[in-house]
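Peer 1: The lines below spell out each chain.
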Amino acid sequence: MRHCMSPLDFSVEELDQMLDLAVDIEHNPEKYSHACEGKKIATCFYEPSTRTRLSFEAAMLNLGGQVLGFSSAQSSSAAKGESVADTIRVISCFADIAAIRHPKEGAAYVASTVSGIPVINAGDGGHQHPTQTLTDLMTIRSIKGKLGEMTIGLCGDLKFGRTVHSLISALVRYPGIRFVLISPEELRVPDYVRDDVLRKNNVPFEEVIRLEDALPELDVLYMTRVQKERFFNEEDYVRMKDFYILDKPKMDLAKKDMCVLHPLPRVNEISVEVDSDPRACYFRQVQYGVYIRMALILTLLGVKVC
Amino acid sequence: MLSVGQLNEGVVLDHIPAGKAMDIYRKLKLNQMDCQVAMIMQARSSKMGLKDIIKVECPLELLNLDALGFIDHTITVNIIRDGEIVEKKKLKLPKKLVNIIHCKNPRCITSIEQGLNHIFYLADEEKELYRCQYCDEKYHSHSKE
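Chains as they are written, first to last, in numbering that gives the first Met the number 0: chain A, 0 to 305; chain B, 0 to 144.
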């Protein structure tokens, strides 16, 4: 049985197949509308996440399946002290596949070690969020037509931003990728990403503080939110939260075909005036997220649609 | 070179850096084993200057060589039969550590979930770097508790 804990669980070839499947779903949704009839996904969310949870639920409903689950630890047996391992053992009796979000890192992995059904990590604290990375890859490939030979700018909270770490790890496997890492000194990418991922794979990168300096050379700009919940100290959060704001004058510095991505929710880091710019792709990204989750569910359940 | 003395059957852990024998005694839980243990501290060594030695009267299988390899893979393991060294075993950094070190990341699931094994995998042999199986928190072999 296969689980999805990290985007690196899949080889580049497997990822390509899954992305091809997602594209086919995008273009022929009716072909897949009964693919998971009689099957159920359990969305087990121990912390709030409307977007990811609804995306999983929409994905299963689009496939003709059904959904059950909980949306906070308080509404699950965790409030009574039940372990993640016990919860997934029980849920394995109710559903065919489970998506788990938990504030503790490694929670989904614990579930996968005892589960009787495929487990998808829907985010485990600041650690991994593989379906966001799959969404990002699909968005880049759909809009740019490729996943290599590009300069990718990552901007904002590069220290705690798990989507950034996962995306870097996934993209270094493609040829000709170059990164520009844009962050304040305090929110630079962790050493392990710089040393174990970028340097180890001989991937060129530079670290800059000013977004304006990086913009003209970027093919993709990935903006991130400074996440309040990752800070232990309110003062540090307040100092960092508005460090970057992408607005119209800054967009004027960018290439005409650059695309702007954001894992959402956005707060102040992208001005609403940018939304109408054709290069703003973050809402299309949400739609791609549903297609790739549909492809992932089909892949993990081993459902083939002819 | 010190003689292995009267140990007829067992294991001699040699070339332990001076002062580390007690740490190894605890980590290998030798106090919980039903066998004789002799420790020689600060013995003179032509190779190391000073070294510690531990003699344990037990079969090799009872010793946690993964823990020992993690503590210091330069330690020599001599297997003794009939009072003679019959084999010198070289230690390697183990690929996986189970319940030898604990994850200190407060965000790791092991900090709240009871009964989980603390598992670390060898992420970089050259740097002697281990990572937590659950959260990928790093742990350098040379910064052992």
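These are calculated hints, taken from the structure and not from any lab test. Please note that a few of the clues may not be correct.
Said to hold, decoys possible - Distance ranges between label pairs, derived from CB positions:
{"#": "1", "chain 1": "B", "residue 1": "C34", "chain 2": "A", "residue 2": "P174", "range": "51 to 61 Å"}
{"#": "2", "chain 1": "B", "residue 1": "L61", "chain 2": "A", "residue 2": "R238", "range": "28 to 38 Å"}
{"#": "3", "chain 1": "B", "residue 1": "Q35", "chain 2": "A", "residue 2": "D235", "range": "34 to 44 Å"}
Claimed, not checked - Below, simulated DSS-like cross-link-like pairs (lysine-lysine); rule was C-alpha separation at most 30 Å, straight line:
{"#": "4", "chain 1": "B", "residue 1": "K89", "chain 2": "A", "residue 2": "K158"}
{"#": "5", "chain 1": "A", "residue 1": "K199", "chain 2": "B", "residue 2": "K94"}
{"#": "6", "chain 1": "A", "residue 1": "K227", "chain 2": "B", "residue 2": "K103"}
{"#": "7", "chain 1": "A", "residue 1": "K199", "chain 2": "B", "residue 2": "K89"}
{"#": "8", "chain 1": "B", "residue 1": "K46", "chain 2": "B", "residue 2": "K126"}
{"#": "9", "chain 1": "B", "residue 1": "K28", "chain 2": "A", "residue 2": "K227"}
{"#": "10", "chain 1": "A", "residue 1": "K145", "chain 2": "A", "residue 2": "K158"}
{"#": "11", "chain 1": "B", "residue 1": "K103", "chain 2": "A", "residue 2": "K79"}
Just so we're clear, the structure is a prediction, and the values are computed from it rather than from any experiment. Heads up, the beta-carbon is just placed ideally off N, CA and C, and yes, glycines get one too.
Peer 1: Now tell me, hint by hint, if it's right for this structure.
Peer 2: Against the structure, the hints come out as follows:
1. B/C34 to A/P174: 51 to 61 Å: Roughly 58 Å apart at Cβ, these two residues keep to the hinted range, so it holds.
2. B/L61 to A/R238: 28 to 38 Å: Roughly 56 Å apart at Cβ, these two residues miss the hinted range, so it is violated.
3. B/Q35 to A/D235: 34 to 44 Å: Violated - the Cβ-Cβ distance for B/Q35 and A/D235, about 56 Å, lies outside 34 to 44 Å.
4. B/K89 to A/K158: Not OK: B/K89 and A/K158 at ~40 Å, beyond 30 Å, violated.
5. A/K199 to B/K94: 20 Å, holds
6. A/K227 to B/K103: With Cα atoms ~22 Å apart, A/K227 and B/K103 stay inside 30 Å; holds.
7. A/K199 to B/K89: Answer holds: A/K199 to B/K89 is near 29 Å, not above 30 Å.
8. B/K46 to B/K126: Status holds; Cα separation ~24 Å.
9. B/K28 to A/K227: 44 Å, violated
10. A/K145 to A/K158: Cα-Cα ~27 Å, so holds.
11. B/K103 to A/K79: OK: B/K103 and A/K79 at ~25 Å, within 30 Å.
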